[in-house]
Each structure stands twice: as structure tokens, then as C-alpha cells.
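Protein chains: 2
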Amino acid sequence: MKIALDAMGSDAAPSSEVEGALGALAEDTDLGVVLLGLREALEPFQKAIEKARNLEFVEVEQVVDTHEAPSEILKTKTSSSIARGINLLKRGEVDAFVSAGNTGAVMAFSLFTLGRIKGIKRPALGASFPAPSGHTFVLDVGANVDPKPVQLRNYAVMGRIVMEKIFHVPEPRVGLINVGHERGKGNQLTQEAYELLQQAPVRFIGNLEGSEVFCGKVDVIVTDGFTGNVMLKVCEGMGEAVLSTLHTTGKKYRWRSWFSKKVFRDFIGGLNYEESGGAILLGVRGPVIISHGRSSSHAIQNALRLACFVVREGVVDAIKEEFGS
Amino acid sequence: MKIALDAMGSDAAPSSEVEGALGALAEDTDLGVVLLGLREALEPFQKAIEKARNLEFVEVEQVVDTHEAPSEILKTKTSSSIARGINLLKRGEVDAFVSAGNTGAVMAFSLFTLGRIKGIKRPALGASFPAPSGHTFVLDVGANVDPKPVQLRNYAVMGRIVMEKIFHVPEPRVGLINVGHERGKGNQLTQEAYELLQQAPVRFIGNLEGSEVFCGKVDVIVTDGFTGNVMLKVCEGMGEAVLSTLHTTGKKYRWRSWFSKKVFRDFIGGLNYEESGGAILLGVRGPVIISHGRSSSHAIQNALRLACFVVREGVVDAIKEEFGS
Numbered sequence: 032m033k034i035a036l037d038a039m040g041s042d043a044a045p046s047s048e049v050e051g052a053l054g055a056l057a058e059d060t061d062l063g064v065v066l067l068g069l070r071e072a073l074e075p076f077q078k079a080i081e082k083a084r085n086l087e088f089v090e091v092e093q094v095v096d097t098h099e100a101p102s103e104i105l106k107t108k109t110s111s112s113i114a115r116g117i118n119l120l121k122r123g124e125v126d127a128f129v130s131a132g133n134t135g136a137v138m139a140f141s142l143f144t145l146g147r148i149k150g151i152k153r154p155a156l157g158a159s160f161p162a163p164s165g166h167t168f169v170l171d172v173g174a175n176v177d178p179k180p181v182q183l184r185n186y187a188v189m190g191r192i193v194m195e196k197i198f199h200v201p202e203p204r205v206g207l208i209n210v211g212h213e214r215g216k217g218n219q220l221t222q223e224a225y226e227l228l229q230q231a232p233v234r235f236i237g238n239l240e241g242s243e244v245f246c247g248k249v250d251v252i253v254t255d256g257f258t259g260n261v262m263l264k265v266c267e268g269m270g271e272a273v274l275s276t277l278h279t280t281g282k283k284y285r286w287r288s289w290f291s292k293k294v295f296r297d298f299i300g301g302l303n304y305e306e307s308g309g310a311i312l313l314g315v316r317g318p319v320i321i322s323h324g325r326s327s328s329h330a331i332q333n334a335l336r337l338a339c340f341v342v343r344e345g346v347v348d349a350i351k352e353e354f355g356s
Numbered sequence: 032m033k034i035a036l037d038a039m040g041s042d043a044a045p046s047s048e049v050e051g052a053l054g055a056l057a058e059d060t061d062l063g064v065v066l067l068g069l070r071e072a073l074e075p076f077q078k079a080i081e082k083a084r085n086l087e088f089v090e091v092e093q094v095v096d097t098h099e100a101p102s103e104i105l106k107t108k109t110s111s112s113i114a115r116g117i118n119l120l121k122r123g124e125v126d127a128f129v130s131a132g133n134t135g136a137v138m139a140f141s142l143f144t145l146g147r148i149k150g151i152k153r154p155a156l157g158a159s160f161p162a163p164s165g166h167t168f169v170l171d172v173g174a175n176v177d178p179k180p181v182q183l184r185n186y187a188v189m190g191r192i193v194m195e196k197i198f199h200v201p202e203p204r205v206g207l208i209n210v211g212h213e214r215g216k217g218n219q220l221t222q223e224a225y226e227l228l229q230q231a232p233v234r235f236i237g238n239l240e241g242s243e244v245f246c247g248k249v250d251v252i253v254t255d256g257f258t259g260n261v262m263l264k265v266c267e268g269m270g271e272a273v274l275s276t277l278h279t280t281g282k283k284y285r286w287r288s289w290f291s292k293k294v295f296r297d298f299i300g301g302l303n304y305e306e307s308g309g310a311i312l313l314g315v316r317g318p319v320i321i322s323h324g325r326s327s328s329h330a331i332q333n334a335l336r337l338a339c340f341v342v343r344e345g346v347v348d349a350i351k352e353e354f355g356s
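Which chain is which? The protein sequence lines are A and B, in order. Each residue of the first sequence is one higher than the one before, starting from 32 at the first, in the numbering used here. Each residue of the second sequence is one higher than the one before, starting from 32 at the first, in the numbering used here.
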């Protein structure tokens, strides 16, 4: 198993990436990592890279910035760590690609170079949320902000496959995020998607309100990329705000604050991008993981672990098979 | 100041409503409350109602159920507590109406009987979220799930007025919920709304990601009713999930758990519908407060207090004036 890792992606690149790769390699002796980065950026880590078993370095000439528009990048950044990493995956020289860089750029190169799985018009980003027993897989968390109803149906099928393959949940229950439980509730998109989900090859249990995201009522949550992105980030923000309240109040009661934090982290651990490693880009013809820009080495290590799961459990092939291509 | 209160609205009606009204009357001697309810439902409270100063009882013949469709209700439930309460407001016999009942029914009767403020096509529900210093006012949290861009512009103006009048924030900063900060980000709705917000008579500071809802960067948050509803409920659900985790873990460490809960409640207090009292229905020609179906007497008391603020600070007149009607 060999994974290409964009060494220039995260805010703390390349140190998060190098340390994350070393951590993952120490943990999994079957793993190989190909680090793609600028020579001068990786120079401080040269010795560590040379010493490490199963760690290769591939020099690239360009880096994609966070705010560059994907349409431009496709033309101008063909020698970037993202473009080169996706190329390695396309040629079969690696089994997966991981990046904490510009999400739009990773999606654009994935679509352009790897292509879509037949039957899936637009890919989705799927991320796991914590649930009372294990995880709930939410998609789309931001790949497609104006989807058609049929795309929500396809998200449900892809989410079912991820839950079955990676989380080993048989017949996962699928819910549609909406503003009320009754059929007929919601905006035009969810009203139409409801009908399609009823006929989809998934165990659709109906509409789900926002308050039920964490209650473990479903295994897969389907929503449009706008709502999913806001949902994910609101939870992140709320988690941080609560931790900061605990910290401030805890100054008076130092160790009690530590306790509160520990308990709270037990809960948000699963929500935290540090623990989940990142989101899976589903619907393209290859395993691609997109991590948070603020990823630490710990998050990158978890992203590599997630990539291994996606490859070993054959998620992409299962989606291809389901959609007949 | 006299407020009509739907005594049949909450899940625990009419006891939450009667006790909430008694609490509010004890707190504010200038307040009068008109309780609208079924005679038999209020019978157990008859003595308390008779004894209370400034508390009137108006008998109604019908109750609106939670799941009835608003279109039907307008025809069939004209003698309900909601219809009758809104009628009292229309005739000027009370200054505001408060209900924890069927949101769609309250909106339908408000629109039908009170009418829209000229220039506002669709009303919005606004609710306050906690922020590091005070509150952030979010609208729409669920009145209109498929708004047009111009409606988001009008939400911004109404939100500005609420912040100025009720929270006494001069020149409130307005942000638009989106999937990224840059202009041009987002779905079709937010892309078009961004342009209109730039020209609106508000201090528009741009796009806001979900993670920034609690950071105090803005005073007013504008979003469509679908996203706003999911946002609000996800926070509610996350708060409950965290409290439940604290409870479970805390069995080992009983009093420490109590501490964690207390600290956590300090934060989510502002988010909690129990504390905020409910959402303001903005854009109709009268002060209407819609409370959570799960409201306790404490929540109803806060809803009555919120209604007093809306009336005393002249929120509805200020909106009428701003929109020229």
C-alpha cells in the first residue's frame, strides 16, 4: 500500500505532513508514503526523510495557494503537489492521495485527471460525526453547494457503501436533513430528494431534524453541500466556543476545568478533524482524502490511516460496481 | 402593556403557559396577560388565574395540533387559541401575541390576519445565539425555506433594527452565512444575496463560515430558513449530546459532573430556547413571538419578557418606517 501525500497542503506545511507521515509509517509497516513538496521547504526534514523506511520524496515545482480559483489552477498549476499527486494515483503508482490543501483544487484535479464514476454527476465530500455508538457519516459537507435531487440520492448510496465497508455497519439507516419529519416538509430540493430516496437501494428512514444529528438515529446523513458544510463548521465552532468558556471559567478551578475539558473532548473527539483525519471525496475514480487546512501531524497521520481503510476495503470499486461502471 | 398568550401551545400546555404567565406578572407589574385556552384544560388552574392580578382568561373552542397543515388550519381553526389571539392583536386589544404552538399555523394566521409589512414579501423568524459578549441575532431560522436573494437583504435590515432596538448595539455588523469568505463563494442564493447586501442600509462585513457563528465577529447573521433552522437545531442537539456525555461519564465523579454541567450551561444558556424565550416573527404588522414546543414555564416567562421588549422598543414600527409603510 502506497499513498501520495501533498506535503505543502496544511497551514503548518510541511512539518505537519512530514511528522504525520513518520507517525503513520511507524504504526503500519505495510505502508509506503510518497511526499510531494518543494525541495527548499523540505530541506529541514531531509535527514529524517532519508532515514525513514518506505518514505519517498518527489520534488514538485509549484504550490497551490488556499484562495486560488480551481478554474485557473487547472491551467497554471500542473506541476503542483496536488496535480502531481493525483497524476501518480491516475497512473497507478500509488493507491490513494491525501491533501490538506485547497479543497477546490483537489476536487478539480481529481475530476479532471481521475474522472467521475459513471452515473455520478458531481462528487461529494463525506465526513464522520460522533454518535452514541460509533459514527454517523455525513455527505455532502461541501463539494457541491447547489445539487440536484438525484445527486442527494447518489450520496445516500455512496454513504451506505462507506458505512458498510469502513465502519462495518450492515444495512445502514439513511436520513435526509430537513426542517421537519413529515413527508412534504422542506425546500424544493429536499421535497424532491425524499421521493427519490424512497426508491433508492438504501434503508431510507425519512427526514431528520438538525437536533437529531448526534442521537444515533441514523448511520448516514444526506444533505446538500451548503447545509452540510455549515453544519460541520457550526459544530466545530460550537466545540471551540465551549472549550474556551471552560478554559476561562476554569481559571478559578484549575483541575476541575481539566476534567471538563477531558470529558468534553471525549465527545467532540469524533467530530474533530484531528481525529477523523478528513473527508473522503466520493464519486471520483480513485481514493482521495481531503484534510482540514488546520491539520496537525496527528490529523495527517489519521488521514493516512483513513486512506488505508478506503483502499483496503475497496470503497471506490464498490461504488463503481454499484453504479455499473 | 397587555400580551395575548396561547395557553394550548407547548407540549406541557397549559401548565407551562399558566405558570410562565404568573411568573412574568410577578416580575413586571405593568404587564397584563390574556390567556387563550379551552375551558376544561384550564380548569385545574382556575383558582390561580382568578387570584392573579392582571391575568384574564379568554375561552376558545379549538386547538391547533402540531402536525396540521397551515393551509387547512386557516379554514378550519378560526376559533383556535392561535386564531383568536392574533385577532385580539389585530383589533388592538393586546400589544403582542406569544405561542409555543404550531409554527406554521402562527405564521399563517399572522400573515392572513395582521398582514405583511409593505416591501417584505415573506416574514422571517429571528433568534438570538450566544456570543462572547452578548448575543448574535440569526435570521431566518425557519420561516421561509426557499427565499429569494432580496429576502435575505430584507432579513439583514430587520436584524439590524432588532439589534439596535432590543440589544442596543449601534451600527450592528451583519454577516452572511456561506461556505467561504471570498466574494463569489457559495450557492446561487448567497452569491446573489452578497451583491444586494453590499448595497443595503446595513454594515455588511461579508461572508461568515459556520465556525464563526459563536465568535462574536458579527451581530446579525443572515441565512435562508432551511440552513438557519438546521444550524439552530444542530446546536441544540450538540448541546444535549454533550450534556448527556457529561452525565454518563459523571456517574463516576458525581460532583465534578455537576461542575461540568454548570460550566457548560453557562455557555449554552444563551442558545437554549429556555433562556431566549423564542423567536421573533419579523415582517408582519404586529409583535409575534414563537416559542419552542418543548418550552417550560421558565421559557414562557422569558417569551413574555421578550414580547415586552419588542413592544416597548417599537421594533415593528421601526421596520414599517424603514420599509416605508
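Treat the hints with care, as some may be off.
[Unchecked claim] 30 Å max Cα-Cα, derived DSS-like pairs, lysine-lysine:
1. B:Lys351 <-> B:Lys149
2. B:Lys149 <-> B:Lys82
3. A:Lys33 <-> A:Lys152
4. B:Lys121 <-> B:Lys248
5. B:Lys196 <-> B:Lys179
6. B:Lys82 <-> B:Lys121
7. A:Lys179 <-> B:Lys196
8. B:Lys196 <-> A:Lys216
9. A:Lys149 <-> A:Lys82
10. A:Lys121 <-> A:Lys351
11. A:Lys179 <-> B:Lys216
12. A:Lys216 <-> B:Lys78
13. B:Lys149 <-> A:Lys106
14. B:Lys149 <-> B:Lys121
15. B:Lys216 <-> A:Lys152
16. A:Lys179 <-> B:Lys152
17. A:Lys149 <-> B:Lys216
18. B:Lys82 <-> A:Lys216
19. B:Lys152 <-> A:Lys152
20. A:Lys216 <-> B:Lys106
21. A:Lys248 <-> A:Lys121
These aren't lab readings, by the way, just hints derived from the structure by calculation.
Hint by hint, which ones does this structure get wrong, listed from lowest number up? 2, 4, 7, 8, 9, 12, 13, 18, 19, 21
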